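The lines below spell out each chain.
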Amino acid sequence: MHDVAFEKVTKKFGKVVAVNNISFQVNKGELFTLLGPSGCGKTTTLRLIAGLEIPQSGNIYIKGKNVEKLLPKDRNIGMVFQNYALFPHMNVFDNIAYPLKIRKQPQKEILHKVTEIAKNLQTEELLSRKPNQISGGQQQRVALGRAMVQEPNVFLFDEPLSNLDAKLRTEARSFLKHLQKEMKTTAIYVTHDQKEAMALSDRIAILDKGVIMQVGTPKEVYKNPENVFVAGFIGDPPMNLLDCSIKYNQNKTVLDFLQFKLNISPIRDLLREKVNNEEVIIFGIRPEDIKIEYKDVSPNSIKGEVFVVERLGPETIIHVKIGNLILIVRDFSEPNINMGDTIWLKIDLNSVHIYKKEDGKIII
Amino acid sequence: MMFKQRTNLWNNFWVYLILFTLVLFFILPMLWLVIAPFSSKASLAVKITLPSLNNFRELFKNKIAILAFKNSFIISFSSTIIVTITSMLAAYALSRTNFKWRSTLLYALLLFSTVVTGIAAMVPLFVLNLRLGLIDSYLSVIFVFIGGFLPVSIFIIKDFFDAIPKDYEEAAIVAGSTPSQGFFRIILPLSQQGMVVIALYIFMNTWGSFLMPFILLRSVNKYPVSVAIYTFFTQEGLPLLGLLSAYSLLYSLPVIVLYIIINRKFGFGFHGGLKG
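Heads up: the protein sequence lines correspond to chains E and W, in order.
Quick note: the first sequence, position 264, residue 264 per the numbering used here, numbers continuous.
Quick note: the second sequence, position 67, residue 67 per the numbering used here, numbers continuous.
Among the hints, a few may not be true.
Quick list of in silico lysine-lysine cross-link-like pairs, DSSO-like style, CA-CA up to 27 Å [as the list claims (entries may be wrong)]: (1) E:LYS130 with W:LYS265; (2) W:LYS166 with E:LYS15; (3) E:LYS130 with W:LYS100; (4) W:LYS100 with E:LYS12.
Where chain E lies over chain W, by a calculated footprint (3+ residues, C-beta under 8 Å) [claimed, not checked]: (5) 170-177; (6) 185-193.
The following label-pair restraints were derived from C-beta to C-beta distances [said to hold, decoys possible]: (7) W:LEU89 with E:GLN56: 24 to 32 Å; (8) E:GLN56 with W:PRO179: 19 to 27 Å; (9) W:LYS166 with E:MET183: 26 to 34 Å; (10) W:LYS166 with E:SER135: 21 to 29 Å; (11) E:SER135 with W:PHE214: 44 to 52 Å; (12) E:SER135 with W:ILE27: 30 to 38 Å; (13) W:PRO179 with E:ASN224: 44 to 52 Å; (14) W:ALA93 with E:VAL17: 41 to 49 Å; (15) W:PRO179 with E:LEU270: 38 to 46 Å.
What the hints contain is simulated information worked out from the structure, not anything from laboratory work.
Predicted model only: the values in this text are computed from it and were never measured.
Idealized CB from N, CA, C, for every residue including glycine.
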């Protein structure tokens, strides 16, 4: 049984379709991420689960139960908001205790549970403080505590790390993941940060314009993006995506980029049946699947000019200009190159992705 | 350098002169209000004589004067409480729902409210109360006050609610509250300051209002203080300045006391009062 399931759910705001006929399942104990650019419908999806929005059509199940007629208070959900939404007039203890107090639990039990959670989240010494007297990281933990205290069916996280500074974010991220795995509570996490999604998730659903583009493990969506959108969204720097046309000749098959040609004879059989001669397609290659060479030694390498070099420590990002096209290369060998140098690029043909031009769907 | 300082002093002299005149203009009536009640022979001039409590002794013998305080309290307190509670609920609904013409409705209400308590609506309001048989009852005055102050107070309280992020209620709702629990446990405590300011504003205005009770109340024993003051005239229409001044002082005390208490307890700030 799935802990959360969407079945052809649609949500419109006036004429705007925020969530368009989406279906997915979240397994028990899984950390499932909804990833996408702003306005893609990920937050709306989360709010639909919480019951803060009502869908126009479709069914939502929590623990196998259709929640259509359930009010938010009866869904037993722990939610962490982007700005934490800690109640400013209550101290940390009352904030964490709120879900229990509202459910009229016995005083003794409230005291016991809140102290235990505070200990777990290392916020014991803050219990008597007001939210505006503690730091952003501490506020985030208190918000987490308030979501945990009622032992919810499912956790909902709405970009909970976006208000923290970069260093704290990495720390909070691993803390969150550890906590979720320890509690074994199913969690649905919303973010626009693909790196965060990759680091945290068991599985990721990538959304665009209210539609799910792909669902898969971080490795799957990185290695095998099913469409151009996912290919361009996952990865930093993103995948190089260029238009080209295919030409099947007698003895070799080439991709024509106008500025240069690439011989793809070794993988021609994969394309032969799916793509017609002269058809325009989208060619994709990850930056780390391009090797740089300083001399024109291999027969199938592409000559280019170094446009920008970004040295990031362990890796170097090189933007290479070929005519008016730019290819981004990731290199781990600390290359001794500078802007304006001429280099040759060798593309790993086994790592090439080809997408259809008209709908962006994958061919190989 | 010297020259510049001189001009500054010269400029300052005129500034101070103007300020002094202005201050005098505003402070004299207040001074009179404090001094005249305690003088044995009150006149319109601010004159310090031997202090006496004679005026107050006289005043407390006057049954109508004392009754008027009770009337004022009944009218002001009930108007204040009713307006604050109803406008709070209405403002919440208006703040959290959005419909076409919402702001038009609000501005129209605001515009009309200034008319209701104003002179323009005097005759229709009188006729309305006459037809309803409410003339010479507290209810008539209270109703008119409610109608007059409700829109302004909805408008201002709505601003307070608008400043409170919706996330707080949503957090409360997801945590297991009903919407009304979210309102009473979260929104209300957060906008407490605004409520108090509004309540004080209504109290001060109803307490000081003369026109409506004067028109709608007939019997002298129902007059609030603001109207009862006009009974302190001789047959010839001359004011009994001693009584009048003592009464005026007592009349202004409740508002001053309320103001001080509220300022002590909540402080006056005209904002949503939310810190992150």
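Taking the hints in turn, this is what the structure says about them:
Between E:LYS130 and W:LYS265, the direct Cα distance comes to roughly 19 Å. Compliance with the 27 Å bound is thereby established for this hinted pair. Restraint check for W:LYS166 and E:LYS15: the C-alpha separation of about 23 Å stays at or below 27 Å, so the hint holds. Straight-line distance between C-alpha atoms of E:LYS130 and W:LYS100 comes to about 39 Å, which puts the hinted pair past the 27 Å bound. Of the pairs offered as hints, the one joining W:LYS100 and E:LYS12 holds, with about 18 Å between alpha carbons and a cut-off of 27 Å not exceeded.
A stretch counts as covered by a chain when three or more of its residues have a beta carbon under 8 Å from one of that chain; for the stretch 170-177 of chain W and chain E the count is 8, and the coverage holds. Counting residues of the stretch 185-193 of chain W whose C-beta lies closer than 8 Å to any C-beta of chain E gives 4; at least three are required, and the coverage claim holds. A hinted range of 24 to 32 Å holds for the C-beta pair W:LEU89 and E:GLN56, which are about 30 Å apart. Judged by the Cβ atoms, the range 19 to 27 Å given for E:GLN56 and W:PRO179 holds: they are separated by roughly 22 Å.
Restraint check, W:LYS166 to E:MET183: a C-beta distance of roughly 28 Å satisfies the suggested window 26 to 34 Å. Taking the beta carbon of each, W:LYS166 and E:SER135 are about 24 Å apart, inside 21 to 29 Å as hinted. Range check, E:SER135 to W:PHE214: about 60 Å between beta-carbon atoms, so the 44 to 52 Å window is missed. A hinted range of 30 to 38 Å for the beta carbons of E:SER135 and W:ILE27 is inconsistent with their spacing of about 50 Å.
Between W:PRO179 and E:ASN224 the beta carbons are some 46 Å apart, a value that agrees with the proposed interval 44 to 52 Å. Hint check: W:ALA93 to E:VAL17, Cβ distance near 28 Å, so the stated range 41 to 49 Å is violated. The hinted window of 38 to 46 Å between W:PRO179 and E:LEU270 is violated, with their beta carbons roughly 58 Å apart.
Of the numbered hints listed earlier, those contradicted by the structure are 3, 11, 12, 14 and 15.
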